[in-house]
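K.L.:
Order-wise, the sequence lines are chains A and B. First residue of the first sequence? That's 1 in our numbering, and the numbers climb one at a time after it. First residue of the second sequence? That's 1 in our numbering, and the numbers climb one at a time after it.
It is worth saying that the hints were derived from the structure and are not from the lab. Ideal placement from N, C-alpha and C gives every residue a C-beta, glycine not left out. Hints may be right or wrong, so weigh each one.
Part of the chain A face toward chain B, derived, beta carbon under 8 Å [as the list claims (entries may be wrong)]: (1) Arg87; (2) Met92; (3) Phe94; (4) Gly96; (5) Ala98; (6) Leu111; (7) His116; (8) Glu120.
Straight-line Cα separation of at most 30 Å, BS3-like style, residue types lysine-lysine; simulated pairs [what the hints assert, rightly or not]: (9) A:Lys88 <-> B:Lys40; (10) A:Lys73 <-> A:Lys118; (11) A:Lys88 <-> A:Lys195; (12) A:Lys118 <-> A:Lys194; (13) A:Lys118 <-> A:Lys223; (14) B:Lys40 <-> A:Lys73; (15) B:Lys40 <-> A:Lys118; (16) A:Lys194 <-> A:Lys88; (17) A:Lys118 <-> A:Lys88.
The calculated label-pair distances, taken between Cβ atoms and stated as ranges, are [as the list claims (entries may be wrong)]: (18) B:Ala16 <-> A:Arg129: 40 to 50 Å; (19) B:Gln53 <-> A:Leu130: 27 to 37 Å; (20) A:Lys88 <-> B:Leu193: 54 to 64 Å; (21) A:Met144 <-> B:Ala186: 44 to 54 Å; (22) A:Met103 <-> B:Gly227: 22 to 32 Å; (23) A:Ser146 <-> B:Phe68: 30 to 40 Å; (24) B:Ile249 <-> A:Met103: 35 to 45 Å; (25) B:Lys40 <-> A:Leu130: 23 to 33 Å; (26) B:Leu42 <-> A:Ser102: 10 to 20 Å; (27) A:Met144 <-> B:Leu42: 18 to 28 Å; (28) A:Thr10 <-> B:Gly227: 28 to 38 Å; (29) A:Thr117 <-> B:Glu101: 47 to 57 Å.
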Amino acid sequence: MVQTAQQAETMISLRNLRVSYGDREILHGISFDVMRAETLVILGGSGSGKSTLLRTLVGLERPSSGEIWLRGKNLAAISSQEMDEIRKRIGMSFQGGALFGSMTVGENVALPLREHTKLEDSTIEIIVRLKLDQVGLAGFENYMPSQLSGGMKKRAAVARALAMDPEILFFDEPSAGLDPIIAAGVDQLILELKKAFHMTIIVVTHELASAFLIADRMVLIDKGNVVAIGPAEEMRSSTHPRVRQFLDRVAEPEVAQELDYLQMLTEITRPGR
Amino acid sequence: MELTSQIGGSVTDGLAYLGGLASLAGRAAYFTFVAPFRGKPLRLPRAVSQGMQVGVRALPILSLITFFIGLILALQSAYELRRLGALTFVANAVAISMTRELGPLITAIVVIGRSGSAFAAEIGTMKVSEEIDALETMAIQPIDFLVTPKFLAMIVMLPCLTIWANSMGILGGALFGVAQADFTLARYIQASLDALFLRDIVTGLVKSLMFGVTITAVGCYEGLLTGAGAEQVGRSTTRAVVVSIFLVILVDLVFTTLFFFMSGR
Numbered sequence: 001m002v003q004t005a006q007q008a009e010t011m012i013s014l015r016n017l018r019v020s021y022g023d024r025e026i027l028h029g030i031s032f033d034v035m036r037a038e039t040l041v042i043l044g045g046s047g048s049g050k051s052t053l054l055r056t057l058v059g060l061e062r063p064s065s066g067e068i069w070l071r072g073k074n075l076a077a078i079s080s081q082e083m084d085e086i087r088k089r090i091g092m093s094f095q096g097g098a099l100f101g102s103m104t105v106g107e108n109v110a111l112p113l114r115e116h117t118k119l120e121d122s123t124i125e126i127i128v129r130l131k132l133d134q135v136g137l138a139g140f141e142n143y144m145p146s147q148l149s150g151g152m153k154k155r156a157a158v159a160r161a162l163a164m165d166p167e168i169l170f171f172d173e174p175s176a177g178l179d180p181i182i183a184a185g186v187d188q189l190i191l192e193l194k195k196a197f198h199m200t201i202i203v204v205t206h207e208l209a210s211a212f213l214i215a216d217r218m219v220l221i222d223k224g225n226v227v228a229i230g231p232a233e234e235m236r237s238s239t240h241p242r243v244r245q246f247l248d249r250v251a252e253p254e255v256a257q258e259l260d261y262l263q264m265l266t267e268i269t270r271p272g273r
Numbered sequence: 001m002e003l004t005s006q007i008g009g010s011v012t013d014g015l016a017y018l019g020g021l022a023s024l025a026g027r028a029a030y031f032t033f034v035a036p037f038r039g040k041p042l043r044l045p046r047a048v049s050q051g052m053q054v055g056v057r058a059l060p061i062l063s064l065i066t067f068f069i070g071l072i073l074a075l076q077s078a079y080e081l082r083r084l085g086a087l088t089f090v091a092n093a094v095a096i097s098m099t100r101e102l103g104p105l106i107t108a109i110v111v112i113g114r115s116g117s118a119f120a121a122e123i124g125t126m127k128v129s130e131e132i133d134a135l136e137t138m139a140i141q142p143i144d145f146l147v148t149p150k151f152l153a154m155i156v157m158l159p160c161l162t163i164w165a166n167s168m169g170i171l172g173g174a175l176f177g178v179a180q181a182d183f184t185l186a187r188y189i190q191a192s193l194d195a196l197f198l199r200d201i202v203t204g205l206v207k208s209l210m211f212g213v214t215i216t217a218v219g220c221y222e223g224l225l226t227g228a229g230a231e232q233v234g235r236s237t238t239r240a241v242v243v244s245i246f247l248v249i250l251v252d253l254v255f256t257t258l259f260f261f262m263s264g265r
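So that you can see chain A by itself, here it is in the shape it has in the complex (with noise of 0.2 Å):
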């Protein structure tokens, strides 16, 4: 841990956060800190509820109790223009890139500095090519979205979340969909956006591989609870049962009862968003 000093500082404190759809729960309490200018992985299984807590960080989601602290606000009960005030400092990367397909991709990234700064055209401009140029998409600016690959989508989905200098950036499943070269190269972008911005950074995944690169510490969800938090070496060596099993890709056990397999239906059946 090289970058013990500045990790002292929390950047998001959650406090037994629930968050619920309709009548049905999927998180059950969840409490954790994030630190400044780490790299936190929220790990967990399809329909653990690990995309959930994501949305309700960014605020999507409202959340049914509990807090979720961030500079200085409770996010669970601040206004929408205080939200936005938030929102205006955090960027947030989609698991399909989410681009606009009607807008070209330097229109994509100069859409959030168009609408919340003053700054003239050409500095807009400026600043587009350099977003693109850092996440390795130079030139591209007068591509639409459906004319790039899926990897470069996510690139210039992370120029546009990187383009009001945000503090803490979030990824909903950076690798999915991708083939491992092109994955690679997006875990790489993570990594290289870590050194030289020291940015708070939050990923949601299931890849394993992609998160032990990334990771400074790890949270694994499971079914709306966290099971585990720790650096990422600590995980690796953890002899949690659930984190053993997840680690080493072990299927869920045959179901024996009838009643238990219903009880599995109905409590992981909800898709991931």
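Using the hints, position chain B against chain A.
P.N.:
The following block gives chain B in isolation, referenced to the frame of chain A:
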């Protein structure tokens, strides 16, 4: 017992839906008419490009349809008027029914087919591909960014299209008038103008304005309601068209009744 609770359920659902529409339209109206005075500039370039799409690109098909409708109206009214020996009243019949009713209504239906469905599909696709979420995480209000330009384009373009549709309908009637009822084109148009009061045109335009609000609200609301998955986009689009047509007819009924009693005295 079950029946009454079912009826009650659908009535509540319907009212909730209308409430959702009204709140969406209200927020779009806020961003169009109030927010510009509070330092949030209107998205004019986006509204203009929507206006092109909704209005200008609809002209060819709308012209053709309303021309035919005018011709059909002339033929149908002539069928009855001929027996009364009052064939010259064809011009009156076409002019009044076009401006008061069919001009706004046919325009609305063409616009629903072209643009209401497109709104639902566009916003629905954006919802499915997380673009709406992306807007929100960038602190951009989806309603401000997506719905307001469409709203503005619609309330400007629908009355304009309606005026155009009225004229094309009257021209369609003129084709019959010239061919079958001893009119010249100039005399037919003069007869149409004589038959019309400003009131006829204005009530049609008021209706078309309300249709524009309705179509935008339904199209965008259905788009925003889209669930996960591509098939949901299709469902939203279909619903947007069906619900829009129904609500446009309903709004038409309400306003026609209103105008009837207002001019009755």
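K.L.:
Evaluate the given range 10 to 20 Å for the C-beta pair formed by B:Leu42 and A:Ser102.
P.N.:
holds (19 Å)
K.L.:
Using the C-beta atoms of A:Met144 and B:Leu42, is the stated range 18 to 28 Å upheld?
P.N.:
holds (26 Å)
K.L.:
With 8 Å as the cut and Cβ atoms as the points, is A:Gly96 at the interface with chain B?
P.N.:
This interface hint holds because 6 Å falls under the 8 Å limit.
K.L.:
With a cut-off of 8 Å, does the beta carbon of A:Ala98 approach a beta carbon of chain B closely enough for the hint to hold?
P.N.:
holds (4 Å)
K.L.:
Evaluate the given range 54 to 64 Å for the C-beta pair formed by A:Lys88 and B:Leu193.
P.N.:
Roughly 57 Å apart at Cβ, these two residues keep to the hinted range, so it holds.
K.L.:
Given the proposed pairing of A:Lys88 with B:Lys40, does the C-alpha separation stay at or below 30 Å?
P.N.:
holds (17 Å)
K.L.:
Given the range 22 to 32 Å, decide if the beta-carbon distance of A:Met103 to B:Gly227 lies inside it.
P.N.:
holds (25 Å)
K.L.:
Between the beta carbons of A:Thr117 and B:Glu101, is the distance compatible with 47 to 57 Å?
P.N.:
holds (50 Å)
K.L.:
Does A:Lys88 sit within 30 Å of A:Lys118, going by the straight-line distance between their CA atoms?
P.N.:
holds (14 Å)
K.L.:
Just tell me: holds or violated, for the beta carbon distance of B:Gln53 and A:Leu130 against 27 to 37 Å?
P.N.:
holds (34 Å)
K.L.:
Holds or violated: A:Glu120 as interface residue toward chain B, Cβ cutoff 8 Å?
P.N.:
Hint on A:Glu120: violated, closest Cβ of chain B at ~16 Å, above 8 Å.
K.L.:
Checking one constraint from the list: CA of B:Lys40 to CA of A:Lys73, max 30 Å. Satisfied?
P.N.:
holds (26 Å)
The structure is inconsistent with the numbered hints 8, 13, although it conforms to all the rest.
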